[in-house]
Amino acid sequence: VNGRGVFMDGRGSIRASAQTGFRAPSLHQIHLSIVQTLVSGGSISNQGTFNNQSPVLRQLGVDELKEETSLGFTGGIALQPTDNTTFSLDVYQVDVDDRIVYSSSIASDDTTTVVGSILAQNSITSLKFFTNAVDTRTKGIDFVGTYRTEAGSGMVDVNVAANYNETEIRGSIATPAAIAAANVELFDRKEQSRLISARPDHKVLLGLGYTQGPFHVTLNNTRFGEVRWQHATDATLDQTFSAKVITDLYLRYTVNSFVTIGGSVQNLFDVYPDVIEPGDDVLTDLGGRFQYPWEVNQFGFAGATGIASVDVSF
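Once you know that position 208 of the sequence shown is 208 in this note's numbering, the rest is easy, because the numbers rise by one and skip nothing.
Calculated directly from the structure, the hints in this document are not laboratory data.
Careful, some of the hints might be misleading.
[Unchecked claim] Below, a list of computed lysine to aspartate or glutamate pairs in the DMTMM-like style, where the Cα atoms sit at most 20 Å apart:
{"id": "1", "residue 1": "66", "residue 2": "95"}
{"id": "2", "residue 1": "128", "residue 2": "295"}
{"id": "3", "residue 1": "128", "residue 2": "98"}
{"id": "4", "residue 1": "244", "residue 2": "270"}
{"id": "5", "residue 1": "128", "residue 2": "109"}
{"id": "6", "residue 1": "203", "residue 2": "150"}
[What the hints assert, rightly or not] DEER-style ranges, computed between Cβ atoms:
{"id": "7", "residue 1": "87", "residue 2": "235", "range": "35 to 45 Å"}
{"id": "8", "residue 1": "226", "residue 2": "26", "range": "27 to 37 Å"}
{"id": "9", "residue 1": "269", "residue 2": "297", "range": "15 to 25 Å"}
No residue lacks a Cβ here, since even glycine has one placed at the ideal position from N, Cα and C.
Kindly produce the complete structure, drawing on both the sequences and the hints.
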């Protein structure tokens, strides 16, 4: 259901919508089945991922996967106060029920429990699987503004875009009795952080462009908000990676109607994420193999990169 109204002789509009949706489990979420060998702290262990059709998961009380369902609401306003200026502002909220997640590493040395018995029978030290475990709510706001004006014999474009959003887990986590009996968390703090804090809660872009005849240049500055990694069991080992600004430069020159040459530099000032602080847990940086965060998604750690191109059309 959606609606839209206009005002200011068509220079302004308001809009709102409500929608429901669903997403069926993907093939890999249903059928993925692997055993991988992990090396940690000088010891070797085998971890198994069991597919959703496995009798092992029925023993654990894990149900077959079902579709995720969602309910969302949006509202927004758009304005064009002048011929060369536009603004838009949108807010949204999306609830997802029965969200499919990848479980924690389920482990137990107690073979009197269902979990410990299954691990011993399969010669593994831990297991993981996909399950409908949580309900989530995501709320956010988007803003976009543009301005275009003459500058000398060329044109200047100013673009501003910003997003703020947050995701929370609603209610309790659906943990099967057999897993709870082994004193194991189905969806621990680390896995929860992948949903609620592993991506920036805000992103802001300021872009400046200049065009004069066949020449065009764009300079974008993007601020990526902070992200937080959570340790599975020890909150003192959590780490927050600070917000950073990345600058990208784009150049283009149109030689004629057939040939265009260009170039770009991504991350012009060679900005990197904060370095991992492993603390007392070797798994945090996998024994020193990772310097930069690999379990959160802030921005890349390739540093400055450049590209040159020649486009020819026929």
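To see whether the hints hold, each was checked on the structure:
{"no.": "1", "hint": "66 to 95", "result": "16 Å, holds"}
{"no.": "2", "hint": "128 to 295", "result": "17 Å, holds"}
{"no.": "3", "hint": "128 to 98", "result": "18 Å, holds"}
{"no.": "4", "hint": "244 to 270", "result": "11 Å, holds"}
{"no.": "5", "hint": "128 to 109", "result": "16 Å, holds"}
{"no.": "6", "hint": "203 to 150", "result": "28 Å, violated"}
{"no.": "7", "hint": "87 to 235: 35 to 45 Å", "result": "41 Å, holds"}
{"no.": "8", "hint": "226 to 26: 27 to 37 Å", "result": "30 Å, holds"}
{"no.": "9", "hint": "269 to 297: 15 to 25 Å", "result": "21 Å, holds"}
Of the hints listed earlier, the one the structure fails to meet is number 6.
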